[in-house]
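There are 2 protein chains.
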Amino acid sequence: MTERVYNFGAGPCTLPLPVLEEAQKEFVNFQNAGMSLLEMSHRGKEYDAVHHEAMDLSLEIFQAPSDFSVLFIQGGATLQFAMVPLNLLNDSVQAGYVLSGHWGKGALSDAQPVANAYSAWDGAESGYTRMPADSELSIEDQTRYLHITSNETIGGIRYNHWPDTGVPLVADMSSDYMSRPVDWDKFDLIYGGTQKNLGPAGMAVVFIRTKILDNTNRDIPRYLRYDLHQAKESMFNTPPVFSVYMLGKVLKWMKAQGGLQAMQEAAEKKSRILYETIDNSNGFYRSPVDPASRSLMNIVFRLPEESLEKQFLEEATRAGMVQLKGHRSVGGCRASIYNAMPIEGVKALQEFMGRFQKQHS
Amino acid sequence: MTERVYNFGAGPCTLPLPVLEEAQKEFVNFQNAGMSLLEMSHRGKEYDAVHHEAMDLSLEIFQAPSDFSVLFIQGGATLQFAMVPLNLLNDSVQAGYVLSGHWGKGALSDAQPVANAYSAWDGAESGYTRMPADSELSIEDQTRYLHITSNETIGGIRYNHWPDTGVPLVADMSSDYMSRPVDWDKFDLIYGGTQKNLGPAGMAVVFIRTKILDNTNRDIPRYLRYDLHQAKESMFNTPPVFSVYMLGKVLKWMKAQGGLQAMQEAAEKKSRILYETIDNSNGFYRSPVDPASRSLMNIVFRLPEESLEKQFLEEATRAGMVQLKGHRSVGGCRASIYNAMPIEGVKALQEFMGRFQKQHS
Chain A
1340 MTERVYNFGA
1350 GPCTLPLPVL
1360 EEAQKEFVNF
1370 QNAGMSLLEM
1380 SHRGKEYDAV
1390 HHEAMDLSLE
1400 IFQAPSDFSV
1410 LFIQGGATLQ
1420 FAMVPLNLLN
1430 DSVQAGYVLS
1440 GHWGKGALSD
1450 AQPVANAYSA
1460 WDGAESGYTR
1470 MPADSELSIE
1480 DQTRYLHITS
1490 NETIGGIRYN
1500 HWPDTGVPLV
1510 ADMSSDYMSR
1520 PVDWDKFDLI
1530 YGGTQKNLGP
1540 AGMAVVFIRT
1550 KILDNTNRDI
1560 PRYLRYDLHQ
1570 AKESMFNTPP
1580 VFSVYMLGKV
1590 LKWMKAQGGL
1600 QAMQEAAEKK
1610 SRILYETIDN
1620 SNGFYRSPVD
1630 PASRSLMNIV
1640 FRLPEESLEK
1650 QFLEEATRAG
1660 MVQLKGHRSV
1670 GGCRASIYNA
1680 MPIEGVKALQ
1690 EFMGRFQKQH
1700 S
Chain B
1340 MTERVYNFGA
1350 GPCTLPLPVL
1360 EEAQKEFVNF
1370 QNAGMSLLEM
1380 SHRGKEYDAV
1390 HHEAMDLSLE
1400 IFQAPSDFSV
1410 LFIQGGATLQ
1420 FAMVPLNLLN
1430 DSVQAGYVLS
1440 GHWGKGALSD
1450 AQPVANAYSA
1460 WDGAESGYTR
1470 MPADSELSIE
1480 DQTRYLHITS
1490 NETIGGIRYN
1500 HWPDTGVPLV
1510 ADMSSDYMSR
1520 PVDWDKFDLI
1530 YGGTQKNLGP
1540 AGMAVVFIRT
1550 KILDNTNRDI
1560 PRYLRYDLHQ
1570 AKESMFNTPP
1580 VFSVYMLGKV
1590 LKWMKAQGGL
1600 QAMQEAAEKK
1610 SRILYETIDN
1620 SNGFYRSPVD
1630 PASRSLMNIV
1640 FRLPEESLEK
1650 QFLEEATRAG
1660 MVQLKGHRSV
1670 GGCRASIYNA
1680 MPIEGVKALQ
1690 EFMGRFQKQH
1700 S
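As they're listed, the protein sequences go chains A and B. Counted from 1, the first sequence has number 1620 at position 281 by the numbering used here; the numbering is strictly sequential. Counted from 1, the second sequence has number 1390 at position 51 by the numbering used here; the numbering is strictly sequential.
One or more of the hints may lead you astray.
One copy or two, either will do: identical chains are not told apart, so a pair holds if it fits within one copy or between any two.
No farther apart than 30 Å at their CA atoms in a straight line, the calculated lysine-lysine pairs in the BS3-like style are these [to be verified]:
1. K1364 - K1591
2. K1384 - K1686
3. K1444 - K1384
4. K1608 - K1649
5. K1550 - K1525
6. K1384 - K1649
7. K1525 - K1594
8. K1571 - K1384
9. K1594 - K1364
10. K1571 - K1649
11. K1649 - K1697
12. K1594 - K1608
13. K1591 - K1608
14. K1364 - K1384
15. K1649 - K1686
16. K1608 - K1525
17. K1550 - K1591
Please keep in mind that the hints were generated in silico from the structure rather than gathered at the bench. Computed from a predicted model, the values in this text were never measured in an experiment.
Produce the entire structure from the sequences given, and follow the hints as far as they go.
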């Protein structure tokens, strides 16, 4: 039996070990029903309890106000890139998109075939190394919503404030979901894939201001309609049973850790350790992003040479710290330290970075 | 530890026990990598092997010709109801839909908001108790495809032949997927949710004639584009890793059983046992469907009175045979005997039906 490694992958990524062990234990015979949860009808009482517990915990842990609904929808954040404009826009309104990196650009490119959507800011000039100030955003007339990406997984930047622009926000929070509080008043819709902070890949969790469902589009195919998913409590069609079940387990783990506040404190503490290691390395390690926009989830850093980066990654892997390679589009190194990454993993990486620097500078 | 029950549920439904046990064993530490498969990057070598094995086995087991591609797409068959017309239709062509029951009707209702689609036949007159003869189908001009539902899960009817109409077929095979051979020449596209014959809920498997991708629509959001899923080998965005993994395991199990031929023979044998029990019951049990359209997967039957049906279901449950209730929209009883239902389960039900009849007639 190999020892468990520290997995710094950007997603799918490390999950809480107790969650995995519990799921393993009950995998074949769920609650002594003589079958696996995977084999149970989604209309039966066992799954119904699992499903509603996950819904309730989602709202509770994320501290969503009572005028928000939570939806579970397959297709990840990418399908939400399509569903948001399909449901919220029509011929008389448009949407602004903040192009803060790979994911913000993807969201706009999926909106444009189905609705009127424009770039409200493009970070190309800085190489997508910072988030915009509110004053830099161009909001046009008849803007139904401003779409932001709360944390850019690849670029390693995040909003350190929620923009205040007079139009409702829609946010893709995939890569820092439920790691900090949200100014709910500013948002009409928040979505994200589960495969970073919330569980395995296989679905998106969507929080939507319930009253806007009165005006969402209905002349689209049913799977794409928020109003139907909400009316049917995400059981309009067969839900992704295992994804919902694992989400519930991860949320229970988060609750036991102290909920959103504890996740936020841990994220601040863990990211501070790594940024201090970088900042105190006399330039051996270098963060390419604007200090004011530094992500607390995806710590991107470079070494003096690409050959050293290669060696760093190889030696880290041998030391049981894996998936530290930066995204293929940007290179370098990236430590993703999501909610489930224990502080021991971050400290082990800190020590390794110090050791490696001593050997090579 | 409760004994394993016989689960006659219509989906999610019984899975092969060896598959569940194997998945349980490797759940926390996959291939001694020090992490779960759920935590692995979908770009890593371990998952890549799992993914491509599932793709290859899908094509192999279903005996798909080399000019077909296989795609894994989240959202179940229901999202395919939207994707098929979004990709295949345009202003100058339309599609015919066979309304053979709940699912055929659903497919048409999701096509109509996005394209020109019409009913080629409606089984309402017979209460959706039979499939049409080819001569009953009305195919209009400029018909790009005829959409059929190979097996209607709720009504308990199936096509016993593949229609021959001069236009390409598109089929929803969710509830009898990979349980019989297909006349591939007649089809441009076959899809189905995994949660009956192929694994847990959470994705659809789509077989598409590769050359038609040259002419599918590209001016739609990326998640909805078949051409992109095919070009990226279903890794355009993070795939539903666990669903693909379980699909692969179920397909390996099917292969070990003897593949498609063995699945077909088992389906014929298992369904014959139950239909004979019904037909030889002197009217105590009654099949409401046309004998020529009887499903081999979902055996729908009635008892003389609703109160007897209730008692039948209660006593069957106590005897370890569960989920025999018909769909809430039609009532009665339904035994779903998918690929993973062992013949022992069917024989146990046969004996129980005989015993129950003796006690109550």
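Original post:
Is it within a copy, between copies, both, or neither that the alpha carbon of K1384 lies no farther than 30 Å from that of K1649?
Top reply: between (52 Å within a copy, 18 Å between copies)
Original post:
Within a copy, between copies, both or neither: where do K1594 and K1364 come within 30 Å Cα-Cα?
Top reply: Both: 21 Å inside a copy, 28 Å across copies.
Original post:
From the Cα coordinates, with 30 Å as the cut-off, is the pair K1525 and K1594 best called within, between, both, or neither?
Top reply: Cα proximity of K1525 and K1594: one copy only (25 Å, versus 54 Å across).
**OP:** If the cutoff is 30 Å on CA atoms, where do K1571 and K1384 land: within, between, both or neither? Let me know, please.
**Re:** Classified as within; 16 Å inside a copy, 39 Å across copies.
**OP:** With 30 Å as the alpha-carbon cut-off, assign the pair K1594 and K1608 to within, between, both or neither.
**Re:** Within one copy only: 19 Å inside a chain, 51 Å across chains, cut-off 30 Å.
**OP:** Since the copies are identical, ignore which copy is meant and state whether K1608 and K1525 lie within 30 Å (CA to CA) inside a copy, between copies, both or neither.
**Re:** Within. Shortest intra-copy distance 27 Å satisfies the 30 Å Cα cut-off; inter-copy 61 Å does not.
Original post:
Between copies, within a copy, both or neither: which fits K1444 and K1384 at Cα up to 30 Å?
Top reply: between (42 Å within a copy, 28 Å between copies)
Original post:
Which holds for K1608 with K1649 at a C-alpha limit of 30 Å: within a copy, between copies, both or neither?
Top reply: This pair counts as within: shortest intra-copy Cα distance 27 Å, inter-copy 59 Å.
Subject >> Homo-oligomer pair classification [K1608, K1591; C-alpha up to 30 Å] >> reply: within (22 Å within a copy, 46 Å between copies)
Original post:
Is it within, between, both or neither when you check K1384 against K1686 at 30 Å Cα-Cα?
Top reply: Close across copies (27 Å), not inside one copy (44 Å); limit 30 Å.
**OP:** Could you place K1364 and K1591 in one of the four classes (within, between, both, neither) given a Cα distance threshold of 30 Å?
**Re:** both (17 Å within a copy, 24 Å between copies)
Original post:
Can you tell me if K1649 and K1697 fall within 30 Å by alpha carbon in one copy, between copies, both or neither?
Top reply: For K1649 and K1697, only the intra-copy Cα distance (17 Å) is at most 30 Å; the inter-copy one is 76 Å.
In summary, this structure violates none of the numbered hints.
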